[in-house]
Amino acid sequence: PLVLGRTQELFADPHARQRAWRAATVVYATGQAAAAYAMSSVFAASGGSYRLLFALATATSVAALVVDLIGRVAARVGTPPPCT
265 PLVLGRTQEL FADPHARQRA WRAATVVYAT GQAAAAYAMS SVFAASGGSY
315 RLLFALATAT SVAALVVDLI GRVAARVGTP PPCT
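Taken in order, the sequence shown gives residues 265 to 348; the numbers are from our numbering.
Treat each hint with caution, since some may be false.
Estimated spans, in silico, between C-beta atoms of each pair [what the hints assert, rightly or not]:
#1 Arg270 to Ser325: 19 to 25 Å
#2 Ala308 to Val341: 41 to 47 Å
#3 Ala338 to Ala280: 24 to 30 Å
#4 Ala300 to Val341: 23 to 29 Å
#5 Ala328 to Gln282: 24 to 30 Å
#6 Thr322 to Gln296: 18 to 24 Å
#7 Arg315 to Ala338: 21 to 27 Å
#8 Ala338 to Val290: 39 to 45 Å
#9 Leu329 to Ala300: 31 to 37 Å
To be clear, the hints were calculated from the coordinates, so they are not data collected in a lab.
Quick caveat: nothing in here was measured; it's all calculated off a predicted structure.
Ideal Cβ placement from N, Cα and C applies to all residues, glycine included.
Working from the sequences, and respecting the hints, build out all of it.
Okay, here's the thing in structure tokens:
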């Protein structure tokens with residue numbers, strides 16, 4: 265929902281917005297299917313242990329946090345300081 269909301273903000277042209285919305289939905293659905301398949305494979309390969317799945321989920325969450333923080337720092341560096 266956040267990506268789709270942001271997509272709507274970025275594209276003023278309704279046709280471009282529809283194409284971007286469609287692409288975002290397809291990428292999201294494909295990612296969900298690929299992740300489910302990958303996690304099922306990891307679960308089967310680990311002998312039915314959830315420990316590895318939780319470790320992978322934690323690593324993914326930390327990676328997302330790092331990417332977000334890098335993006336925020338990059339955005340601050342690229343913008344001029346506020347006028348006082």
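Taking the hints in turn, this is what the structure says about them:
1. Range check, Arg270 to Ser325: about 20 Å between beta-carbon atoms, so the 19 to 25 Å window is met.
2. Distance hint check: the CB atoms of Ala308 and Val341 are about 45 Å apart, consistent with the given range 41 to 47 Å.
3. Our hint of 24 to 30 Å for Ala338 and Ala280 holds, since their Cβ atoms are close to 25 Å apart.
4. Checked against the hint of 23 to 29 Å, the C-beta distance between Ala300 and Val341 comes to roughly 37 Å, which is inconsistent with it.
5. A C-beta distance of roughly 27 Å is found between Ala328 and Gln282, which places it inside the suggested range of 24 to 30 Å.
6. Restraint check, Thr322 to Gln296: a C-beta distance of roughly 19 Å satisfies the suggested window 18 to 24 Å.
7. Evaluation of the 21 to 27 Å hint for Arg315 and Ala338 yields a failure: the beta carbon distance comes to about 35 Å.
8. Distance hint check for Ala338 and Val290: the Cβ-Cβ separation is about 27 Å, which falls outside the suggested range of 39 to 45 Å.
9. With their beta carbons about 22 Å apart, Leu329 and Ala300 fall outside the hinted range of 31 to 37 Å.
In summary, the numbered hints that this structure violates are 4, 7, 8 and 9.
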